[in-house]
Amino acid sequence: MSKPKPWHAMETEEVLKELNVNREGLTVEEASKRLVKYGYNELKEKKRRTALQLFLGEFKDVFILLLVAATILSVIIGYYDLMRGQATSFLDAYTDAITIGLIVVLVAIAGFVQEYRAEKALEALKRLAAPKARVLRDGKEMIIPAKDVVPGDILLVEAGDTIPADARLIEAIELKADEAVLTGESTPVKKGVAPVNEEAPVTDRKNMLFMSTHAVYGRGKAVVVSTGMNTEFGRIAELMQMAEEEETPLQKKLDRFAKQIAYIVLALCAIIFVLEVFAEGFVVKAFIDSFMSSIALAISVVPEGLPAIVTISLALGAREFARRNALIRKLSSAESLGATTVICSDKTGTLTRGEMTVRRIYNGGKLIEVTGVGYEPKGEFYLSAQPINPQEDKDLSLLLTVGALCSNAALKNENGVWRVLGDPTEGALVAAAAKAGLEKDKLEKIYPRIWEGVFTSERKRMSTVHLAANGERLAFVKGAPEIILERCTHILENGEEKKLSKAKREEILEVNEKLAGDALRVLGMAYRKLPSTIKELDEDVVENDLVFLGLEGMIDPPREEAVEAYKKCEEAGIKVVMITGDHKLTAVAVAKEIGIMKEDSLVLTGAELDKMNDEEFERIAEDVAVYARMSPEHKLRIVKALKKKGHIVAMTGDGINDAPAVKSADVGIAMGISGTDVTREASDMVLTDDNFATIVKAVEEGRVIYDNIRKYARFLIACNFDEVLVIGTFALLAGLAGAGGEILFPLPLLPAMLLWINLVTDGAPAVSLALDPPDEDVMKRPPRKPDEGILHGMGAFIITSFVLQSTGTLLLFILNYYVFPTHPWGWPNGPINEEARLLTLNEARTTAFIQATMFELFVVWNCRSEKRSVWRMGRKAFSNKWFVIAEIISIVPTLALPYIPITASMFHLVPLSLADLVQVIAVASWGLFFVLPEYLMGRKIWRWK
Amino acid sequence: MIKMRKYDIIWLVTMAIFWASFLATFIIDYLGIIETKNLGYVETLWISWLMWTVGLGFTLAALTRIIIKE
Chain W
1 MSKPKPWHAM ETEEVLKELN VNREGLTVEE ASKRLVKYGY NELKEKKRRT
51 ALQLFLGEFK DVFILLLVAA TILSVIIGYY DLMRGQATSF LDAYTDAITI
101 GLIVVLVAIA GFVQEYRAEK ALEALKRLAA PKARVLRDGK EMIIPAKDVV
151 PGDILLVEAG DTIPADARLI EAIELKADEA VLTGESTPVK KGVAPVNEEA
201 PVTDRKNMLF MSTHAVYGRG KAVVVSTGMN TEFGRIAELM QMAEEEETPL
251 QKKLDRFAKQ IAYIVLALCA IIFVLEVFAE GFVVKAFIDS FMSSIALAIS
301 VVPEGLPAIV TISLALGARE FARRNALIRK LSSAESLGAT TVICSDKTGT
351 LTRGEMTVRR IYNGGKLIEV TGVGYEPKGE FYLSAQPINP QEDKDLSLLL
401 TVGALCSNAA LKNENGVWRV LGDPTEGALV AAAAKAGLEK DKLEKIYPRI
451 WEGVFTSERK RMSTVHLAAN GERLAFVKGA PEIILERCTH ILENGEEKKL
501 SKAKREEILE VNEKLAGDAL RVLGMAYRKL PSTIKELDED VVENDLVFLG
551 LEGMIDPPRE EAVEAYKKCE EAGIKVVMIT GDHKLTAVAV AKEIGIMKED
601 SLVLTGAELD KMNDEEFERI AEDVAVYARM SPEHKLRIVK ALKKKGHIVA
651 MTGDGINDAP AVKSADVGIA MGISGTDVTR EASDMVLTDD NFATIVKAVE
701 EGRVIYDNIR KYARFLIACN FDEVLVIGTF ALLAGLAGAG GEILFPLPLL
751 PAMLLWINLV TDGAPAVSLA LDPPDEDVMK RPPRKPDEGI LHGMGAFIIT
801 SFVLQSTGTL LLFILNYYVF PTHPWGWPNG PINEEARLLT LNEARTTAFI
851 QATMFELFVV WNCRSEKRSV WRMGRKAFSN KWFVIAEIIS IVPTLALPYI
901 PITASMFHLV PLSLADLVQV IAVASWGLFF VLPEYLMGRK IWRWK
Chain R
946 MIKMRKYDII WLVTMAIFWA SFLATFIIDY LGIIETKNLG YVETLWISWL
996 MWTVGLGFTL AALTRIIIKE
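Going line by line, the protein sequences match chains W and R. Per the working numbering, the first sequence starts with residue 1, numbered consecutively. Per the working numbering, the second sequence starts with residue 946, numbered consecutively.
A hint or two may mislead.
Said to hold, decoys possible - Below, a list of computed lysine to aspartate or glutamate pairs in the EDC-like style, where the Cα atoms sit at most 20 Å apart:
no., chain 1, residue 1, chain 2, residue 2
1, R, Lys1014, W, Glu776
2, R, Lys1014, W, Asp775
3, W, Lys867, R, Glu988
4, R, Lys951, W, Glu369
5, R, Lys1014, W, Asp777
6, W, Lys498, W, Asp518
7, W, Lys535, W, Asp423
8, W, Lys190, W, Asp441
9, W, Lys940, R, Glu988
10, W, Lys176, W, Glu158
11, W, Lys147, W, Glu13
12, R, Lys1014, W, Asp148
13, W, Lys366, W, Glu376
14, W, Lys867, W, Glu788
Hints were generated in silico from the structure; no laboratory data involved.
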């Protein structure tokens, strides 16, 4: 690769010339040509595992390795039998090996499919969460996917943006960038446009912006010089994974749980192995047989699939989230979402539409009403119910002009819908001016901007300086009325600048209170003709000695869907807290309309919060419904206090200063539309529509996912342990009987059968449970406790299922082997007829096998709801078509196995008579009849950890 | 402590009947009160018991549907 050009050492014009672009940006056509030439602005991903690698990866699993060992042993036994003449044919000798081998392949395929799906879902997630960039093309501002950025593109950068590629600044207004990802230096670097020394290290290239760093203050324009792997970040950094594939707390818990069970089961299997050897005598074959049984048992019983299913459920859930306009960035947050007890939501744009409309204007002592909806520049001005022409009123025109020019918003008509590019409040000001015929782009030509004092929530004001045609410099200032008033010395009335008296100040503040009391957001406007003595423009100099122009009051009504969503939260036992930078009265008015504000709820302002120490605040934190006049820093305190009270807190955020609060919340939610990239990166979830209702939907989905994981866990644990009892009982009896014990007490289930039951039949219905529809009461019950185990409240269900399944299997085996042998083989008194015994044994095993399988496939119907058995689910029982299909594809082959000669011989099964089949199904149906969640779920028998 | 709902009694009674009938069948078989080997297939003690559990199950299912309304 050739040495990169020293862009940082070149003059801006030189850079632009070199890249063959002007300040208006590339043309769309040129940009697409360059995209072909330079490729996408992406970092090369680390090599994805191929399907084959994924498949082979399955064989790293210790359980699969054990199965492979069992297969190899079977081959050895088969060979041994064939050599000794004990096996009559090749098939006879290797049946076990083939069966177990096939099962290994089936299990590996199932595991592979699961992992492959999870990987695909994660990949889709990454695509959805792709960052965007703001560029100039054809002279127009455009938002494009960051990967489409090409060298030569003019980037528009604002506080909060992530820089999409390496770029050379051509304009910088108070721009500071956080380059910690690149340099490790956490202090933001002030940026400028002046060239620096060619040898300057990356940290000193003050006129460059680098990929993946963030603008934290100010704004600027820069021309992209390199993209993708040619950037500094591409050169030195590892791939930044957008969606992290970390293990979730639940997965970790389940992993531990599965391991604990594994130890217990392995110990039990070791005992069974010893007992079996005792019964069969100390010969090699006895060792191998017993080893096979023990391995099969261990593999069948250990719920090794449990952690894997969590990933699938979460990954599938994440797709569902995306469909509902919520992008999950960390899978684990889907889990926390379901347990959320408090949602701290921003008001503007989330609980409300965020489409501000100026409704009232206070100017020159007059209160003027403005009509119109949203950002559409259509509306009338009324004074005392009489329409007026705003252009005839010079004071009003100036006020509207200041509103439009002292802002960075622009209006855009997209297919007939007016949208704002930039801040909604500013959008409302621009729209209000446009209603008076004062269009921003025309105004900008008359009064070009030469300087800007950026708005921050700490300063609560913004100022711009413009050059008038007569060469005069005009400072336009807007901000919180009380802040603006503090800096005003005069007021404009009837075209005259008058001294601002104390009484006038009070009158203005009174009007401000009144407007705010009507839930209007009020901004004060002021201007100043800058004297020529001021040379250096700076906020402290410009924003003084101002002339007050008036107030603009705008409204942002609550979203209808937010009101609905709030009702859902109330039913679901979730507290909603509104946090806003707005005036207390505005906040309360909106909160009351939504329902958040109750009679006994508290309202806290930022100033009041500042006066409290942490202990005082924690005491009342749970009673506060509305936080008004808050700075982003307060949010962190709110999150901490609520967390300390044991709450699971979801916190929304958009601004760059919200990032710490969003990060420290249990579920950090960033706004996809209004949010900054920094907040998005700190978040667990991104809302693509910025809508509060979406958060509530996500909470619901989180609960559904958790419920479905619980269904699977319930099914798996309830049905996995009966084999230990069945096999254990017979191994114990055989061991106690000593030599020959294996004739009197043979194992009721063979290794291949165990594997079939727990690995083949379980799989499909279990996975389909992840797609099960929610319980009706999913949003009508209080949030689960965060420390609650996954098996909480399932004890009675699991025990009942275990007892009935074990009893059923044992009973059928005993009845068919001892009580009604089809071929009497000499039990209990006579000489043993080995041929008759084997025939009877195979039949008894077949009944035990079919019962154990069918019981599971029946009981799973009752695992689908916390409260309803299949008998009360009605039509809903069939609403999950995947579940129904899974049941069919599990039941049909299981019932067919004994009737197909080849599979019958593989599994040592015999065809059952209709009468036998009826009794087996009768016993298996206990799972449908007696294991009912209505009676068995939610019982506190003991605490599961 | 386990909180009992009124309808829980139904399940407990059903289970009590289930196991009591199991025990009765076992005792009858073990003591040879009815010699099962002499009976026809359908009359066989244990098969009858298995069928009986299905009847009991259906009754429980029906009662559950009727009684629990939530």
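Indices of hints not satisfied (ascending): 3, 4, 6, 7, 8, 9, 11, 12 and 13
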